[in-house]
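Line by line, the protein sequences give chains A and B.
Under our numbering, the residues of the first sequence are numbered 1 to 210, in order.
Under our numbering, the residues of the second sequence are numbered 1 to 210, in order.
Calculated from the structure, these hints are not laboratory results.
Hints may contain errors.
[Claimed, not checked] Mimicking PhoX-like on lysine-lysine, the simulated pairs with C-alpha atoms at most 25 Å apart in a straight line are:
no.: 1; chain 1: B; residue 1: 164; chain 2: A; residue 2: 193
no.: 2; chain 1: A; residue 1: 164; chain 2: A; residue 2: 144
no.: 3; chain 1: B; residue 1: 144; chain 2: B; residue 2: 164
no.: 4; chain 1: A; residue 1: 164; chain 2: B; residue 2: 193
Predicted model only: the values in this text are computed from it and were never measured.
2 protein chains.
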Amino acid sequence: MQIAIVLYDRFTALDAIGPYEMLCRTPGSETVFVAERPGPVSNDRGTLTLLAEKALDEVPRPDIVVVPGGPGQRDQMGNETLLGWLRAAAATSTWTTSVCTGSLLLGAAGLLRGRRATSHWLALDTLATFGAEPTGERVVVDGKVVTGAGVSAGIDMALTLLGKVADDEFAQSIQLGTEYDPQPPYDAGSPLKAPAAVVGRLRDGTSVFR
Amino acid sequence: MQIAIVLYDRFTALDAIGPYEMLCRTPGSETVFVAERPGPVSNDRGTLTLLAEKALDEVPRPDIVVVPGGPGQRDQMGNETLLGWLRAAAATSTWTTSVCTGSLLLGAAGLLRGRRATSHWLALDTLATFGAEPTGERVVVDGKVVTGAGVSAGIDMALTLLGKVADDEFAQSIQLGTEYDPQPPYDAGSPLKAPAAVVGRLRDGTSVFR
Numbered sequence: 001m002q003i004a005i006v007l008y009d010r011f012t013a014l015d016a017i018g019p020y021e022m023l024c025r026t027p028g029s030e031t032v033f034v035a036e037r038p039g040p041v042s043n044d045r046g047t048l049t050l051l052a053e054k055a056l057d058e059v060p061r062p063d064i065v066v067v068p069g070g071p072g073q074r075d076q077m078g079n080e081t082l083l084g085w086l087r088a089a090a091a092t093s094t095w096t097t098s099v100c101t102g103s104l105l106l107g108a109a110g111l112l113r114g115r116r117a118t119s120h121w122l123a124l125d126t127l128a129t130f131g132a133e134p135t136g137e138r139v140v141v142d143g144k145v146v147t148g149a150g151v152s153a154g155i156d157m158a159l160t161l162l163g164k165v166a167d168d169e170f171a172q173s174i175q176l177g178t179e180y181d182p183q184p185p186y187d188a189g190s191p192l193k194a195p196a197a198v199v200g201r202l203r204d205g206t207s208v209f210r
Numbered sequence: 001m002q003i004a005i006v007l008y009d010r011f012t013a014l015d016a017i018g019p020y021e022m023l024c025r026t027p028g029s030e031t032v033f034v035a036e037r038p039g040p041v042s043n044d045r046g047t048l049t050l051l052a053e054k055a056l057d058e059v060p061r062p063d064i065v066v067v068p069g070g071p072g073q074r075d076q077m078g079n080e081t082l083l084g085w086l087r088a089a090a091a092t093s094t095w096t097t098s099v100c101t102g103s104l105l106l107g108a109a110g111l112l113r114g115r116r117a118t119s120h121w122l123a124l125d126t127l128a129t130f131g132a133e134p135t136g137e138r139v140v141v142d143g144k145v146v147t148g149a150g151v152s153a154g155i156d157m158a159l160t161l162l163g164k165v166a167d168d169e170f171a172q173s174i175q176l177g178t179e180y181d182p183q184p185p186y187d188a189g190s191p192l193k194a195p196a197a198v199v200g201r202l203r204d205g206t207s208v209f210r
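Can you make the complete structure from the sequences, with help from the hints?
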């Protein structure tokens, strides 16, 4: 089983690494980071560089596709090399998945028409422009397409997927091995829970997130 | 403010990237991945490569030190280049932190004597051999030393640290921006919660974790 994690300039690191850490120990699987061109790929802060091992065209038929989000997603919305690869890969994949605004790339590739899907809370409404039905859920499974909400939701998305790709007990062993027993010091992880001023600054783009 | 995240062969990716994602937007900060030698560093699966931008000796006085864990930690326990750097950096740092078995490296460097600290649940007892007082807590703050439990606990560790380095509101904006509103599909993230059979296989080393 081949798991392809897509990288592009200015992706958000945790979008890719959260699912990677949950999926990379799946028995009989090979995980590969892919990009339009192999080599170093910088994240949205320009302070982290991951190596893409293979070019997209070297990985034509992955069993699982993981598309992270990040500010760089906008520049990929018209990239037919990537969107065409996503379409072709999704045609033969067992699972096609995304984290955060990675779902907008699945949408741009035409893969979300008529499907329930999620994205970063700030991007949720945009999903409708691709014929998707946006839901505020953290993880959405619609047929073979699994989408996760913003950034850290990729961990929950991948654990959910792992229960289907392997089984519940294996997914639980990964949760225990990675000691995923979350205890955030604040309860501000959703616009419904965070202080209004904090939500406001993210909505109006005056926060550190662009 | 300089934030140095230490990399070494066979580190665990999420140990490093969880804290990175929470800390990398701190106003007035520079985040740098450091290793004994700059260049590519492979993770514990050999399927992920991060670039270390600088050598340890190029970053002698970071304000914040983050030491991830991973199977490769064992090979570093006698590495005086790394342990000496940790000692020197900790002498001038504002915060010295670790995730998972990274705390064993802080211990080997003599930085945990008489301090309360945590680590991956499977490594917790080992902390005592370094004169530390192991606690089962997910995040432990003892003076300027902040330790996190296994792998994913680095996210909670770093958010806790962020509240001190910046302020609660900024930390909440990062939690909201990364949509860190955890909803794991299972409740198996701690040996107190996971099924006994799952805990047993991790304890006896017959799981995918080594």
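Looking back at the hints listed earlier, which ones does the structure fail to meet?
none
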